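Protein sequences appear in the order of chains A and B. Under the numbering used here, think of the first position of the first sequence as -10, with each following residue one higher. Under the numbering used here, think of the first position of the second sequence as 164, with each following residue one higher.
Watch out, some of these pointers could steer you wrong.
To be verified - Listed next, with one range per pair, are the computed distances between beta-carbon atoms:
#: 1; chain 1: B; residue 1: Met164; chain 2: A; residue 2: Pro76; range: 36 to 44 Å
#: 2; chain 1: B; residue 1: Trp477; chain 2: A; residue 2: Ser86; range: 21 to 29 Å
#: 3; chain 1: A; residue 1: Leu(-4); chain 2: B; residue 2: Asp328; range: 40 to 48 Å
#: 4; chain 1: A; residue 1: Glu34; chain 2: B; residue 2: Val299; range: 41 to 49 Å
#: 5; chain 1: B; residue 1: Trp204; chain 2: A; residue 2: Val103; range: 55 to 63 Å
#: 6; chain 1: A; residue 1: Pro1; chain 2: B; residue 2: Pro505; range: 40 to 48 Å
If you're looking for bench data, these hints aren't it; they were derived computationally from the structure. A quick note: this is a predicted structure, and the numbers were derived from the prediction, not measured. We put the beta carbon where it would ideally sit given N, CA and C, even for glycine.
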Amino acid sequence: MGKYMLLIFGDPAQWDAMTPEQGKAHDAAHSGFAAAAGSKIFGGEQLEDAAVATTLRSDGAGGVTTTDGPFLETKEVLGGFYLLTAPDLDEAIRLASKLPEVQAGHSGVEIRPVVDHG
Amino acid sequence: MGRAHRRDWAQVFATTAQLTRDLDIAEECAQDAFEQALRTWPKTGIPDRPGAWLTTTARNRARDVMRRESAFRRAMPLLVDEQTVPGPEDSLLDDDRLRLVFTCCHPAMSRDAQIALTLRLVCGLSTAEVARAFLVQEATMAARITRAKKKISASRIPYRVPPPDQLAERVSVALEVVHLIFTTGHTAPIGPRLARRDLADSAIGLARMLHRLMPRNTEISALLALLLLIDARAPSRLSPAGRLLLLQEQDRSRWDQRLIAEGTGLLTEALRHEPPTRYAVEAAIAAVHAEAPTWEETNWSEIVSLYDVLRRLWPSPVVELNRAVAIGLRDGPDSGLAQLTPLLDDPALASYAYLSAARADFLRQLRRWREAARAYEKALALTDNDVERAFLTGRLADVRAHLSR
């Protein structure tokens, strides 16, 4: 069994612009994903808007600089994630394809294997 | 030995990978087996079943390596499902090869990685040979192959034949890889030689293997038919002096009739069972050429109607271009030129030399020398194959000779 992180990226303006019906359908699709994956899911959260992110970097002199905003300023941002176990990438792809963000034009899901430290 | 390598590499490697579950170790052990053969066969003679000898040697070597590396099972990613039930020896070998193709051509891999891995692991080309074929430094290709193998193990791309509901889609990806290897070999995108035989032969070998392992898959039969029908013309593509000969100039008696018969047989069989695929229609077009006794007797109406089918099945700017040329050959250069004109605005064809070359040829036939010269110049600027460049340079000189008169 391998562990995978599903990173959900999309345009926050489009997520905010969803009508209540679209929001309901979106939530239902997430429930469908959760039902299909069942106990394979071992974590997952929706994240607050990237605009409220805080980023820490080295100031180059041994200290830390704190900046307002995400690490990368991009139109599409990380909106949420799941952690799941799957026997192989094909199964991870099969489950992740059920996420509504895979269908919408502005968003997508990145599958990252988690390093197994044995 | 070279023949044994080409013929047996995939089997030796795949069977060893089945045991080691690690592509790097399997590759090392397979390579060791071939090196050992190189050392011992000259003394002992070639064994009766060289493939079996090589496989046994590689697998023995793999067992040694695995015994030494006691932490192996913990440290190495599992490539193979523990529950795999070994079948009779031969079908096991065949399954191993199929697994290997589908792993190398997994859709989660980039096209470059799919091609590099397939040539390295399935066809057994060395990293240096793969690098030469794609005109990159050997170190670059080695890094590309290492990255691809790392992706297979880190993201656990399964080492198996896809389940029936995914098989058609996955076969299509593998066939695209095979087709791309063939077209790169048939006319090299760059370099001194018109063709790269090693790549064309590798692609035909892959298509033959897939056809043998999945004989009822008509998309595979159609692709194999297409490759054979095109490759049948290979002996007549160059003049004795090394000049590129167009289809209309080729000595058709030199076409390989055995390949033509095999290709048309496969195509007929494929068309009997299923509606045509993209490759079947392309093979049918190649078959019309193969069956025409002379250029003048080519059935252009049939070719145009096949392109009409193809553009519905597989819409692409290149198909539009070929169809426009076929219309020009059926109805005359004026019509061909008119068909080509709208394609000039297609950004997908902006750097496609064959569009300019086709226009240049129609303009030349219409004796519109100035425009023809400009079109040949543009085609030349986009062409990096030396044999094609020499051909276009010759045509440009002919056309310019009319200008200065």
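Going down the list of hints, with the structure as the test:
no. : hint                                : in the structure
1   : B:Met164 with A:Pro76: 36 to 44 Å   : 40 Å, holds
2   : B:Trp477 with A:Ser86: 21 to 29 Å   : 25 Å, holds
3   : A:Leu(-4) with B:Asp328: 40 to 48 Å : 27 Å, violated
4   : A:Glu34 with B:Val299: 41 to 49 Å   : 42 Å, holds
5   : B:Trp204 with A:Val103: 55 to 63 Å  : 47 Å, violated
6   : A:Pro1 with B:Pro505: 40 to 48 Å    : 41 Å, holds
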